[in-house]
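Between the sequences and the hints, there should be enough to build the whole structure, so can you do that?
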Amino acid sequence: MTLNSLPILSILIWTPIIGGIWALIAGDRQEQTVKYFSFAVSVITFIFSVILYCQFDPSYAGMQFIEETDWIKAFDIKYHLGVDGIALPLIMLTSFTTILVILAAWEVIEKHISYYMCAFLILTGLMNGVFVALDAILFYVYWEAMLIPMFLIIGIWGGPNRVYATIKFFLYTFLGSVFMLVAFLYLYSVAGSFNIQALHDVPLTLTAQKFIFVAFFLAFAVKIPMWPVHTWLPDAHVEAPTGGSVILAAIMLKMGGYGFLRFSLPITPDASLFFDDAMIMLSLIAIVYIGFVALVQEDMKKLIAYSSISHMGFVTLGFFIPFSIVAATGASSGAIMGMEGAMMQMISHGFISAAMFLCVGVMYDRMHSRMIKDYGGVVNSMPYFAAFMMLFAMANAGLPGTSGFVGEFLVILSSFEASFWIAFTAAITLILGAAYTLWMYKRVVFGEVTKESVAELKDINGREAFILFLLAIVILTFGIWPAPIFEVMHASVEQLIEHVLQTKIL
Amino acid sequence: MMNNMEQIYLAIVLAPLIGALMAGLFGKIIGRSGAHCVTIIGVATSSILSMVAYKYHMFDGGEIYNQDLYTWLSSGGIDFKIGFLIDSLSVTMMVVVTFVSWMIHIYTIGYMHDDPGYQRFFSYISLFTFAMLMLVMSNNFLQLFFGWEAVGLVSYLLIGFWYKKETAIFANMKAFLVNRVGDFGFLLGIAAVLMTFNSLDYAEIFSNVAQHADATITIWGDEPWSLMTVICICLFIGAMGKSAQVPLHVWLPDSMEGPTPISALIHAATMVTAGIFMVSRMSPLFELSETALSFILVIGSITALFMGLLGLVQNDIKRVVAYSTLSQLGYMTVALGASAYAAAMFHLVTHAFFKALLFLAAGAVIIVMHHEQDMRKMGGLYKVMPITWLTCLFGTLALIGFPGTSGFFSKDAIIEAVHHSTLAGSGFAYFSVMAGVFITALYSFRLFFMTFHGKQRMDMETWKHLHEAPVVVTVPLIVLAIPSLILGAFLIGPMLFGEYFGDAIYVASTGGHDVLAQMGEDYHGIGGFLLHSVQHPLVLILMSSGIFVAWLCYIKFPDIPAKVVSKIGPVHKLLVNKYGFDDFNQLVFAKGSTGIGQLLWRIGDINIIDGFFVNGTAKSVRVFSSIVRHVQSGYLYHYAFSIIIGLLVLLAIFVHGVLG
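Chains as they are written, first to last, in the numbering used here: chain H, 1 to 506; chain P, 1 to 660.
Quick caveat, the hints were computed from the structure, so don't treat them as lab data. Cβ coordinates follow ideal geometry from the N, Cα and C atoms, glycine included. Check the hints yourself; a few may be wrong.
[Stated by the list, open to error] Computed Cβ-Cβ distance ranges for the label pairs, DEER-style: (1) P:621 <-> H:76: 33 to 43 Å; (2) P:51 <-> H:466: 15 to 25 Å; (3) H:451 <-> P:115: 19 to 29 Å; (4) P:10 <-> H:329: 30 to 40 Å; (5) H:328 <-> P:115: 50 to 60 Å; (6) H:328 <-> P:10: 53 to 63 Å; (7) P:25 <-> H:6: 52 to 62 Å; (8) P:25 <-> H:458: 40 to 50 Å; (9) H:75 <-> P:645: 57 to 67 Å; (10) H:274 <-> P:219: 18 to 28 Å; (11) H:60 <-> P:14: 37 to 47 Å; (12) P:454 <-> H:458: 27 to 37 Å; (13) H:27 <-> P:621: 30 to 40 Å.
[Said to hold, decoys possible] Pairs of lysine to aspartate or glutamate residues, derived as EDC-like cross-links and limited to a Cα-Cα distance of at most 16 Å, are as follows: (14) P:81 <-> P:63; (15) P:573 <-> P:583; (16) H:168 <-> P:468; (17) P:383 <-> P:468; (18) P:165 <-> H:448; (19) H:168 <-> P:605; (20) H:111 <-> H:201; (21) P:578 <-> P:316; (22) P:165 <-> P:204; (23) P:81 <-> H:487; (24) H:442 <-> P:166; (25) P:164 <-> H:487; (26) H:373 <-> H:448; (27) P:164 <-> P:115; (28) P:377 <-> P:461; (29) P:377 <-> P:459; (30) H:210 <-> H:270.
[Stated by the list, open to error] Covered by chain H, according to a simulated footprint, are these stretches of chain P (three or more residues, beta-carbon under 8 Å): (31) 62-72; (32) 176-182; (33) 308-321; (34) 608-617; (35) 647-656.
Structure, rendered in structure tokens:
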């Protein structure tokens with residue numbers, strides 16, 4: 001059996017799920033074994049994602065590594081998988097992040113670590129499933145199933161207010177997704193298929209498109225999240241354990257973005273054009289409004305959560321700016337740049353938000369506080385940690401040379417072609433992003449030690465240093481040389497742009 | 001030769017980076033001397049190779065090097081690349097940057113001798129050298145912006161080097177944020193350039209510049225704006241941040257909280273001149289917009305004059321030099337506005353040497369005085385620190401433009417150039433730079449007299465232990481004093497009136513832009529230039545009266561300043577408050593944005609979105625269900641009754657449907 005004939009996408013989904021089930025069976029009695037086992041599973045999954053990257057043909061725009069079997073014949077629902085240049089980077093990100101969260105839990109999670117590992121492994125499999133599903137119902141199943149482990153992670157290993165947060169998280173996202181299901185059912189009635197690629201090509205009236213767009217919007221805008229449906233995120237982050245926050249910020253938010261690219265834009269291109277101005281407006285509000293809100297947060301996790309929302313504003317801006325660029329210039333080159341910049345922003349934010357949440361986690365494990373005022377002068381007792389956090393803070397502020405710069409840069413450059421004022425508003429993030437990040441860093445890390453508890457802090461250990469080091473390398477590498485990420489997505493993004501610029505109205 | 005040069009350019013950039021990484025990552029292992037050895041070797045290599053490159057380009061007639069190293073990314077048909085453009089402009093900057101940096105590395109051994117962050121400091125200043133070289137050697141806007149932000153980062157790290165000091169960590173955040181305001185404009189400028197030229201590569205932009213000269217863009221209403229004006233003003237806003245022009249100057253005086261070597265390197269000689277360099281590099285663009293040039297001219301003259309005035313009331317020795325830096329940057333900016341880019345670059349070069357020298361001399365005084373920076377507690381130091389005294393005198397003379405020194409040639413050239421300029425605002429600019437001459441002489445000699453002459457105002461215990469600074473400190477002072485004195489005489493001819501910059505700087509030959517060419521018609525060697533200033537002695541008179549007033553007030557009758565202060569109370573207060581810029585920014589921008597943040601968060605997020613919509617929905621569901629709950633009474637006859645009612649209703653609808 002050669003590598004090419006392996007069902008590699010199924011392997012990416014089922015390896016972590018089966019590993020997770022095993023961890024569940026092994027249970028608390030074999031904690032050590034389960035920890036090493038889970039680590040091994042996450043590494044193996046990542047290796048398979050690397051193999052996927054190597055085998056991937058970047059010149060081909062369509063789906064690759066397709067797997068297709070009947071699942072529920074009566075409704076023509078299929079177990080149908082495939083990957084293109086848009087999903088591939090997200091799969092790599094998911095598999096990579098899983099390794100980090102498993103390592104981050106190592107000595108920190110004290111109760112039921114086996115179940116904790118189980119939840120994360122199963123979650124990984126489901127998230128990979130979301131990115132490769134080509135059948136709408138299969139996608140929906142993965143999408144909703146994913147909520148369960150996350151619900152448990154926050155609900156069991158979360159902070160004191162976890163019940164409110166989990167219910168808010170669950171209801172918010174569940175409510176959104178139900179509308180998506182309704183849209184799928186309607187589309188099935190029109191197209192007679194749940195095949196996503198078939199749905200891309202099905203002609204629809206503008207009115208139908210508008211309704212479908214709104215239904216999708218409720219699902220994806222909540223997930224990414226866009227203003228004003230963002231308020232579940234800060235609460236969920238604050239209560240979630242470190243690993244939960246990392247997965248939430250690094251991967252789950254990206255599913256909203258992925259949803260826009262896979263469903264909203266290609267299935268309802270005319271409605272996307274119709275709602276274009278509104279989407280751009282909401283994105284800009286997210287960038288600026290949320291930037292100001294982040295500035296006054298007193299809880300570090302809330303601050304980073306708000307900063308995530310603000311960064312996601314660039315993603316939605318990049319996704320919806322192409323219409324305005326084409327309207328203004330008549331050419332699609334700027335449109336491609338905007339969309340690819342938004343993709344890059346998603347990937348980069350995965351690394352940077354993971355790094356920021358892990359940093360807060362490192363401090364929280366020692367001090368059991370997330371409040372900025374409980375810190376001050378951390379650099380005196382934790383100099384290595386302070387150096388890492390400086391790098392991540394600068395990446396969060398979008399400093400050139402880190403991956404955080406690339407996406408914002410491209411989105412701002414391209415949106416200038418649409419309108420001076422859109423670029424102007426988006427560029428305010430240069431100031432606000434630096435302000436909230438560095439002000440937090442100043443109050444937490446710099447300064448004289450005034451508190452006994454800070455003076456007694458121990459610097460990061462080898463395991464923590466290793467995790468942060470991995471992230472630092474990735475963030476710098478893609479800041480200095482982002483080309484590898486862009487090469488795999490060119491063909492698919494170009495095809496997508498071409499598709500969404502054509503009307504689907506009969 | 002070309003191939004060899006490519007390796008040399010790479011080595012120039014990478015040597016300081018390697019030094020920085022070694023000292024930063026392995027500082028513990030290689031120790032203190034290891035750290036300074038490895039970084040000094042790195043920066044010395046870079047400096048010597050820069051001189052080789054200088055010789056190759058300026059004397060051996062080497063070709064301009066313009067090559068890409070690698071593609072950073074490509075998207076939407078545009079290739080973003082990393083590459084070098086080495087011509088007379090960049091090679092000049094390379095020599096200045098690496099040479100000053102080298103001297104400051106050596107000086108640091110003495111200045112930071114007892115500091116626990118020794119290795120970290122060397123790592124940072126080497127990293128700075130790398131970033132600055134990336135900036136000046138770039139052949140495109142992307143890399144320029146990378147270097148631009150990277151020097152800002154290192155500046156941030158170095159201002160906050162003493163991270164326990166509350167003022168220092170406030171100053172570094174302020175510096176970063178104010179620079180970000182500039183970068184905001186800069187980035188929009190870059191976006192406008194990309195939109196116009198479909199490329200960020202300098203050569204490609206300059207070769208297509210003519211066809212976009214008359215392009216317009218609508219920004220506000222229907223009024224079309226000249227695209228070039230928009231681009232140039234946006235780019236210049238970036239320069240205003242980095243080169244500390246009013247009103248984005250507020251970060252530079254505060255940056256003095258950092259250790260003195262970096263005040264000399266970053267906040268005097270190199271980084272703050274990045275804006276001047278950038279505008280000179282972009283001269284083909286700026287030449288197309290007289291509006292932008294006038295804007296630059298006015299901003300520059302305001303900075304040159306009003307920031308100089310602030311230097312008069314400072315008592316902190318470093319802050320006087322800092323305000324003088326602001327004022328001198330204003331002079332350079334004025335030269336840019338008058339299209340005398342070469343004169344701006346000339347002043348940049350001479351200023352780099354004499355201002356670094358002045359800062360290092362101030363630093364020498366500060367370490368000898370055990371970190372005392374208040375000039376009111378100094379005086380009479382010439383007796384104990386002769387080398388520092390003499391070199392500082394040379395630096396001061398160069399700064400005020402004493403005839404024959406480097407500063408004389410570069411500053412006089414700027415004054416002459418402004419005099420020739422016919423742009424809107426040039427009259428005000430001429431007044432400002434002339435008045436600036438008097439003010440510069442006054443505050444410079446005020447500093448010099450208060451520090452080195454007059455009564456010894458420190459206590460006797462301190463006085464007894466005073467001594468000359470160590471050799472690692474005095475050697476850089478001496479080395480920097482030489483170019484401060486003589487470099488100007490060598491450079492003026494070729495740089496301003498010769499073919500020094502060649503095609504690197506472009507000045508339109510029409511519209512009276514080329515003021516240097518007009519001056520060149522009357523230029524007959526440095527002797528003639530000197531003679532000219534004697535025949536038109538206004539500048540010399542202003543300068544000497546400045547020195548004279550300083551002598552009167554601080555040597556002859558030391559009680560005059562206090563009397564003057566009591567006479568002009570409000571004016572003095574205005575100066576001490578720095579015209580209120582800091583208070584205004586604190587009140588409007590700092591307080592204002594946290595206020596907006598609180599408002600949006602508490603009212604927008606918590607009250608409206610969460611309170612009303614989210615939890616309100618939840619609440620209404622609860623209220624609704626609490627009503628509906630009563631229906632579930634548990635009595636069978638209630639249910640039976642409701643089933644019958646329901647059936648009747650359905651029947652009624654069905655019948656209605658069938659009949660209707």
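message = Check the structure against each numbered hint from earlier and tell me which ones fail, lowest number first.
response = 2, 6, 7, 8, 9, 12, 14, 16, 20, 22, 25, 33 and 35
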